[in-house]
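Using the hints provided, position chains B, C, D, E and F with the ligands relative to the given structure of chain A.
Residue numbers (the UniProt record's numbering), protein chains in the order written: chain A, 1 to 549; chain B, 1 to 93; chain C, 1 to 141; chain D, 1 to 161; chain E, 1 to 114; chain F, 1 to 972.
Derived by calculation from the structure, the hints in this document are not laboratory data.
Just so we're clear, the structure is a prediction, and the values are computed from it rather than from any experiment.
Don't be surprised by glycine CBs; every beta carbon is placed ideally from N, CA and C.
One should not assume that every hint holds.
To be verified - Which residues of chain A face chain F? A partial, calculated answer using Cβ under 7 angstroms: (1) Ile18; (2) Leu72; (3) His117; (4) Leu124; (5) Asn140; (6) Tyr153; (7) Gly154; (8) Val225; (9) Leu236; (10) Phe238; (11) Gly279; (12) Ile457; (13) Leu464; (14) Ser468; (15) Gln537.
Claimed, not checked - Restraint-style ranges between C-beta atoms, simulated for each label pair: (16) F/Pro212 to A/Ser283: 25 to 35 angstroms; (17) B/Phe7 to F/Lys684: 52 to 62 angstroms; (18) A/Arg486 to F/Gly355: 32 to 42 angstroms; (19) F/Leu895 to D/Phe29: 39 to 49 angstroms; (20) B/Arg33 to F/Trp873: 25 to 35 angstroms.
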Amino acid sequence: MNLSPEHLVIAPVLIPFIAGVLLLFLDDRARHVKAFVSVLSTIVLLVISILLLCIVHTDNSANEDRIAVYLLGNWPPPFAINLVLDRLSSMMLVLTAMLALPSLVFSLGRWHKAGVHFHTLFLLLLMGLNGAFLTGDLFNLFVFFEVMLAASYGLVLHGSGLLRVKAGLHYIAINLVASLLFLIGVALIYSVTGTLNMADLAIRIPQINEANRTMLESGAAILSVAFLIKAGMWPLNFWLPTTYAAAPAPSAAIFAIMSKVGIYVLLRLSLLFFGSDPGFPESLGAQILLYGGLATISFGTVGVLASQTPGRFAGFSVLISSGTLLASIGLVQTEVTAGALFYLASSTLAISALFMLIELVERGQNMAASVLAVTMEAFGYDDEETENEEIIGVAIPRTIAVLGTCFAACTILLAGLPPLSGFIAKFVILNALFSPGESGQMHFIPATLWWFLALLIFSGLATLIAMSRSGIRTFWAPPVDTALPRVLLIEIVPVAALLCMTLVLTIQAGPVMRFMEATANSLHAPRPYIEGVMKTQSAVLPQPMETTE
Amino acid sequence: MSATILFWAVTTAQIALGIAMVLALARMISGPRAQDRVLGLDTLYNNSMLLMLVFGIRTGNSLYFEISLIIGALGFVATVALAKFLMRGEVIE
Amino acid sequence: MNHAADLPIWATLLIALFLLIGAGLTLVGSFGLYHLRSFYDRIHAPTLGTSWGTAGIAIASVIYFSVVESQLVLHQLLIGVFVMATTPVTLILLSRAALYRDRTENNRDVPPLHPLRNLPQASELEQDSMATHKNAGEEQK
Amino acid sequence: MNRLFPYPLLIILLIITWLMLAGFSVGQFLLGTLTAIIATWGLAALHPAKPRLRRWDLLPRLFAIVFYDIVRSNIAVAGIILHGGRKVGKSGFMTIPLDLRDPMGLAILAIIITGTPGTAWIDYNSARNILILHVFDLVDETAWLNLIKNRYEYLLQEIFE
Amino acid sequence: MELVLSLGIGILVGSGVWLLLRPRTYQVIIGLGLVSYAVNLFIFSMGRLVTDKPPVTQAGAQIDPTTFADPIPQALVLTAIVIGFATTALFLVVLLASRGLTGTDHVDGKEPDR
Amino acid sequence: MNSEDLLYFLIALPFAGSALAAILPANARNTEAWLAGSVMIAAFIIAAGLYPFISEGEALRNEIEWLPGSGLNFTLRMDGFAWMFSMLITGIGFLVVLYARYYMSPRDPVPRFFSFLLAFAGAMQGMVIAGNLILLAIFWELTSIFSFLLIGYWHHNAAAREGARMSLIITGTGGLCLLAGLILVGHIVGSYDLDSVLAAGDRIREHALYVPALVLILLGALTKSAQFPFHFWLPNAMTAPTPVSAYLHSATMVKAGVFLLTRLWPVLSGTDEWFFILGLAGMSTLLLSAYFAIFQQDLKGLLAYSTISHLGLITTLLSLGSPLAAVAAIFHMMNHATFKASLFMAAGIIDHEAGTRDMRKLSGLFSYMPITATLAMVASAAMAGVPLLNGFLSKEMFFAETLGQHSGSVLDGMLPYVATIAGAFAVTYSVRFIHTVFFGEKARDLPREPHEPPHWMRLPIEFLVLACLIVGIIPGMTVGPYLHTAVTSVLGEHTPQYSLAIWHGINTPLIMSVTALIGGVLLYLALKNYLARCEDGPPGLSHLKGQHIFDRMLVTLSWRWARWLEESFGTHRLQPQLFLVMLTALIAGSWPFFGAGIDFSSPILTGIDPVFAILWGIGVACALGAAYQAKYHRLAALILMGGAGLVTCITFVWFSAPDLAVTQLLVEIVTTVLILLGLRWLPKRVAQIDNASTPVAWTRRFRDLMLAVGCGGGMALIAYKAMTNAPLSDSIARFFLERAHSEGGGNNVVNVILVDFRGFDTFGEITVLGIVALTVYALLRRFRPAPDSIDIPEQQRRQNAFDDNHPDRSIGETVHDYLMVPSIVMQWMFPFIILLAVYFFLRGHDLPGGGFAAGITLAIGILLQYLASGTRWVEDRLYIRPVRWIGSGLLLAVLTGVGSWLFGFPFLTSHFDHLEIPLIGELPVATALFFDLGVLLLVVGATALMLIAIAHQSLRSYRTRSADTEKTGEED
Ligand code: NA
Ligand code: NA
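Same shape as in the complex, but just chain A (with noise of 0.2 angstroms):
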């Protein structure tokens, strides 16, 4: 097979995608065999998301913007579908298998038996996530964003049980109409330019003319309200931490990334289509997203205080950081944006860690594994999927030390707290807010800015405050009927790793933000983007055969 390196591009999607559906030949009761393949594809998918991001970024490439396009059906640009691979999608890319092959080794140890076609739902999720990374349609973005959101369906109400189903409910009623919005803005956006491919869009945006150009921020304005469902924004996410939190722990590791591809592509088509206007900064979509994102900080502050689950808390935490991440791109400053991208990455892990944590704290309490149970035995019927439920691996000694050091790490990461890369994440978003030196020097600070500084630090000590009040209990008061929580080996290390990922954010830092201001930079100048698109060639045959241009 004629595998040239530019077919890696299509990989992150191709692979999960033919994987899952693999899966779906084999007998359900060929278990092993079945987290044998979803894990190896996972692992081949992490390798190649690092590669494409070496292909896009070496450390001496840093000025530069490298991208790669990959045309579907070798029909150029700008009329068919094409994925592109810049710095921006390939960080996501990594970062979604590096979120992904954790929680999948975590669902081994138990939750991918509590429901049939796990792992496919999971990696089709994965190849949902990868396409809405990669591709430069806009329509063809929708149709990922379903095929991801499908998946999270399946994800959540995995295992089923009234707080899913309840859950999964208000989820998918909500993310219907997000779906519908989505349509209607796509529309519209069409029916003005004439187009849907992102590059094109972001050529002939700037030349619309007046009357149409009325209709296309209405347009943008209900695709925005769409993508601010998904990323979480303040009025429109209460439903995010009930979902969160009902979700099985390993759906709700990889969902970690799911709010983030709201923030994606928030930032990715904002900047592309509006970051050429000058006023952009100043319009008001842009302070939409500030003020919506310190809104978002806020409700996500008092819910961290006010939950009385750890799983609602979690669900919060991730309202925090998706407000911190949308004032961020409502500032619409490249510092901020690298700051941003950095912090996505850190507390992107960091959420997913604490998903998994919670439900291996949780089963001390048994509360997670009794609502399953109910399930099972409510309806008669035996289910040959929980008869087996041996050990996998070996139950870790010192249980409550490995956990309550991790929960640790979690809450020192999430209130941003030094020494892990919460701390670095929060900084450098700060430091980009008062940016020194240089331009900076403004005797005259925003009030938005001091909002969002003293939000940034009130969240970060609401989590701090709430989670060593749920440590503490869990850990430290332990009520003496609890039982010693069963964890499995193959549990806390993904959590661990997840951990480990961050203290290597932290002390790669410097490269990491190297490397995220070379994102940043791109994202808001994205002529090279746009040009490497448009002039990309269909590649000519080797046989005669039509060919366009």
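The following block gives chains B, C, D, E and F with the ligands in isolation, referenced to the frame of chain A:
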């Protein structure tokens, strides 16, 4: 001449079918029983199938034929399901 | 009306005739559906549309396209065949459902479950209909 | 052979259907044959009771009769609807004991009765072989009985039994 | 025609939105259905309304793009219809599961407090 | 190795030791102590060895690039001041380790203790030698975290947990504020490098952001150093093991605040803001805490308040802004560390030996432990500021400084008096400590029989007390040069002349000292009897405990208010969420029009066709009817929705989209059946007129109605505007129309777009369908019907009962009769439907149809068999494995796409050719057909899977029902 005759015939037929659809709708809305509504829907399907056939004549284009074919061959499935629901309380036993 | 002007007048007239017959019958049928008072009367009405209503318009279409395309185009007739075959299914099912519902509601205008016997007394109908049927069955035996 | 072509008559009908849909050409004939064979396999999988057509030569006659009756009853019913009041006083149920037992024959009878305006197949009791009809214009019950028994059932019995 | 269709879309959306805001899951699914129709029509109408110009070309003929309806919105609607079908089915099953587990068909899984 | 590199060892050693300590076995008390002691002493030796490099006022610097882009580097910088702290941290650290070896019980999990202690030492060390403000903040927060862990060491004790948490929250908050403040400083200076910052004092003080930065930094420092009003965490932290208190709460942790103030003193001090904020905090802390200390009954509590008070003294000194005061502050930091550490250790010994720290119980211990008592007395004297001890020297310098003029304010004027009174209080509590514990009659009912501790345990105290004495008597010869190095490194060229003599002659400070001494003793005598019995805490203020206020505030803020806010600004209900979503969308979508308005001037209108208008009249009626009926007449609503779908479908035909119409119609049919299948499981609902007719309900409905009207109106407007907009000439549609046939091999442009130009969309779309089918299937495997819908439907019950009650009928005969004719027709329709499916599939590329339509058609065919004959009947005959269909479809689609790689083309590149087949003629064959076949297979599989999965629920609940019946016996 041909064109005029055909135009009037087609227009009359379309309007007649349109009115027929309205009448079917009236039955769908007024009921009074579920079976009346189902009957109304079935008639609406059939009338619209005819409308599409006439539309095909009007446009001289046979591309719209499939839609009539589908209503004709498969449109009854929905009605069957509705009727069975009324009769058995369950669509598939 | 792309090709309308090219049509020979006989074809035009035939087409117009069948169109009007078909549409007219369909309209009458739908009017009946709307107008008639009892459900069992109403089920007769739409068959106007599904029989000659459909046939008329399908024939008009066949003539039109056969003349325009100068070859025999018959596929519209298939529609008529399918409609003819499937309409009874829906009507049978529907009327049976209506009958069932009317019987469980002790509607006196419908035939009894045992058509060879007389209608049961009103007093019996008020009771559990199942019991009534049971008695009826035994008596018959 | 039987497994490959389980329903020869059906295959022919299907090929005709295909040709009507896709147009008449040699290619379409071959394609249609192939499709028809596959389609009959679909039916064969369900293995429904296989109808035995004893007198298929009577089929055209049946069709002609039905065609005529439908035209006639269209006119009749349309007339009643247009002239009659809201409630058709003459409509009503009637019970007909049947002799025909073949399911396919019964199905065709039901299609004829229901497809023809003015009569509707309401209920059928297989144990007693009794049919309940609803007749739109029930002036002369024996005429209807005659129509069903002698005009349709007789022919169908000839064809199928 | 534009006026008729846009009014139609508007009323479909209005009815659908009203139903989406109702407390019973069944109302919501019907609402989703109505809004889906409207959105499909909306996307479709972005290609402008042209009668009798289906985007089916003639083999070998010279192609004048103005003589065909815009095929892109149609392709998008097709995708949207399929996805809408899938999600409707899913929502239906989830509402059934919710009804089964909670015993109620209220969207929140419990009857509102009186 | 360079001396600079040794700086890393100062930090790395403790952390490495900490990691090692953590993995040692639980009972390795001696190994742990040896390890920790070695680390401390090694670090001490390294630090000591570095003195020559910094004694000349130079700073040792070392830097590793970390995050250069943001100005954060791993910069270490040791000057005299940092060196002094390094010595305290490692030196006292060593003594504490030694002490802890004997203090900790063999049952305690010591690996954790020593691990945390070493980590804390490392963090503290890092904090003092950080050469970058952000690095400093990092280590600062680390000290908070490790101190939290140390305070909560005995976490089975609720007080320890609470104390630990409080300290973490307060110092953590302070740390975050500090970070913000330091970032502001970095903003002003343009660098976080300590050297650059220290060189930019004037710029900082003149900058507009000086005050916010100052306030934020002071918040950090004051919380850490337990200054009023943030002092209350410290007494609560006394639940920590005593070695921890001796280390953290005398020498290290609490000193971090004043360390920072001193570190930044050159750039921040000297302004009014500095003086007032810091002075007020320092003076009130100094006085109040000394007063509070008097009334403590817990030994460690007394020491804790004393510590706070002394830190207040240091803060006050720093607030004054004069270099001499700074000298005094630095000096007092050292002195306080020595005497307070020894006092804590002594208190620990008393607690350890006597079993209590309650001064009401302790009495006359001198006779049991004379040596310890003596040592404690000397240290207390130092604390009280008795001459010949180190505490006296720095206190004299303090008194002297209070007399100077600093800002001429009232605060300034009050200062000497406050200082003297606080001094007197210090004497009082020191005397009380000694007198109560060691003198008086022998305590009788002590939990344990007290005696001298092991000698090694006392050694650290002896050592520290010796230091107090030596420094107190010959300061110039001992501590003098080092202090000078420290002072110079802070004050640089501003270093004042000062002398460390014991005797300065009789001057005002001496008189103040004497006054304080005498006054303090007198006060003790006056209060002696009261104190012997009183409750913990000062009279009248005992209920006013910072802890309670803090707890209350925390609960109110972080719980009650938070929950109220969450409930007020959030919701758990779906309806408000959807309302907000749609309201937001409405506002977002219409906002651009408010500015620009809507221009209807040049619409491209096509004339209104009356039939089309009638059609939409029907559509509208159906939509409204469905909306109206959906609550109580579900079936009617479904039927009406079907009507609206039909109108939609016709509209597609009308405006040239036959493909859409076909698909819409087929989907419509399947959806109707699907919803009907579900309807069986929904609860019976009968219309209740009075239901929710309250004003609230009406308001809500009105509100919803308004939103519905708004959304509908908005959509109508936008749709109208878009439809009447002039078509674009440069739309990408042109490309597709022109090339569909020539390059895509198909005449049906929509289909060519779907399977070729935008085949990737279809690829995703079928994936969605597949995923949903799998999810539906998975969810329904766990389906549990509600109790009231578990029974078979009433119709079936009646019909079965009827059959049952008739001897000539068998069960199921009614339904058999009922379905006999329809099911024959439906069965015989099956081959025709298969034929139609093939037809739609094959012609799709050129004419309306395609894989999706074909797939649904086939699925409808299968569905029809289920409708006709029931699940069992069909499944006895047709062995459908929908998941395999789904898998095959998706696989075929992807393989078709991947196939193009073989020829070196991207995914989904299609190829087509016109094959010349004998008899049939030219046949266009496109690879896209295989892709479309994949679509077909998937659609059949997915649709069948969903429908069958729902249909199976009836069977499954039937099975459950019969199982139940067996258990409970026959029903009636
Ligand atoms: Na999300
Ligand atoms: Na009839």
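Okay, the hints, checked on the actual structure:
no.: 1; hint: Ile18; result: holds (6 angstroms)
no.: 2; hint: Leu72; result: holds (5 angstroms)
no.: 3; hint: His117; result: holds (5 angstroms)
no.: 4; hint: Leu124; result: holds (5 angstroms)
no.: 5; hint: Asn140; result: holds (6 angstroms)
no.: 6; hint: Tyr153; result: holds (6 angstroms)
no.: 7; hint: Gly154; result: holds (4 angstroms)
no.: 8; hint: Val225; result: holds (5 angstroms)
no.: 9; hint: Leu236; result: holds (6 angstroms)
no.: 10; hint: Phe238; result: holds (5 angstroms)
no.: 11; hint: Gly279; result: violated (13 angstroms)
no.: 12; hint: Ile457; result: holds (5 angstroms)
no.: 13; hint: Leu464; result: holds (5 angstroms)
no.: 14; hint: Ser468; result: holds (5 angstroms)
no.: 15; hint: Gln537; result: violated (12 angstroms)
no.: 16; hint: F/Pro212 to A/Ser283: 25 to 35 angstroms; result: holds (29 angstroms)
no.: 17; hint: B/Phe7 to F/Lys684: 52 to 62 angstroms; result: holds (53 angstroms)
no.: 18; hint: A/Arg486 to F/Gly355: 32 to 42 angstroms; result: holds (40 angstroms)
no.: 19; hint: F/Leu895 to D/Phe29: 39 to 49 angstroms; result: violated (32 angstroms)
no.: 20; hint: B/Arg33 to F/Trp873: 25 to 35 angstroms; result: holds (30 angstroms)
Consistency with the previously given hints fails for numbers 11, 15, 19, ordered from lowest to highest.
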